[in-house]
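K.L.:
Here is what each chain is made of, one letter per residue.
Protein chains: 2
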Amino acid sequence: MACDFCEIIADRAPARVAYQDDDVLVIYNRLRWVPLMLLVMPKRHMSQEEMWQDATITKIARVALQMGATHCPGGFRLLSNFGHDALQSQGHAHLHVLGGTYLGHYVVRAPPPG
Amino acid sequence: MACDFCEIIADRAPARVAYQDDDVLVIYNRLRWVPLMLLVMPKRHMSQEEMWQDATITKIARVALQMGATHCPGGFRLLSNFGHDALQSQGHAHLHVLGGTYLGHYVVRAPPPG
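Chains as they are written, first to last, in this note's numbering: chain A, 1 to 114; chain B, 115 to 228.
Chain A extracted, bound-state conformation:
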């Protein structure tokens, strides 16, 4: 199955772009749980684990910080989810930028779906 994010990066699937350069793409999440939900990703396909143990994280982190500081003067959250317990839904590495309102706690215990 094709990678959803690689399809967006290759311009074969639609997304609203917030920022891009040679290495990084930032898109608006289709989810609207809070006013600002951005996804910051390397254009090169890699796993979450690869990104977080590679120098790639330096550039991704810097762009994510700029996005949060620019769009969310009241504060923001940067995060990555790994695996089932954390609701990871895309294999392609990415950081979430979340903000635009009071975000509440950063983890909530809940029973798994299904």
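No lab work stands behind these hints, which were simulated from the structure alone.
On a predicted model such as this, the values are computed, not experimentally measured, just so you know.
Be aware that one or more of the hints could be misleading.
What the hints assert, rightly or not - A partial selection of chain B residues facing chain A, derived with a Cβ cut-off under 7 Å:
#1 Tyr133
#2 Trp166
#3 Ile171
#4 Thr172
#5 Ala175
#6 Arg176
#7 Leu179
#8 Arg191
#9 Leu192
#10 Ser194
#11 Phe196
#12 Gly197
#13 His198
#14 Ala200
#15 Leu212
#16 Tyr216
The beta-carbon is built from N, C-alpha and C at its ideal position, and this holds for glycine as well.
Given chain A's structure and the hints, the job is docking chain B onto it.
P.N.:
For chain B alone, coordinates are given in the frame of chain A:
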């Protein structure tokens, strides 16, 4: 006012240490919202913003990933909070490692306290 994390790093305040090397300290959070709550921090005092735009993030990210992968085979979440809207309570840079159970959504809208 003294920095709480610098006090721990200087061994003037107690904490349960999960890992440390020359540059990084990992402690167990006193909060117990989920089974695993670790705080990964640079030993040198810096702000969240400094850590996220500096090469320091590379080492912090790698250690945080190792902690999550080791302690949470079912998945885990890595995050930093910035400012009021995200519940940041410590000025000293740190990453949260969260796991050990199904974590649910990574943001919940709620009214601010007080």
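K.L.:
So, against the hints stated earlier in the document, which numbers end up violated here?
P.N.:
1
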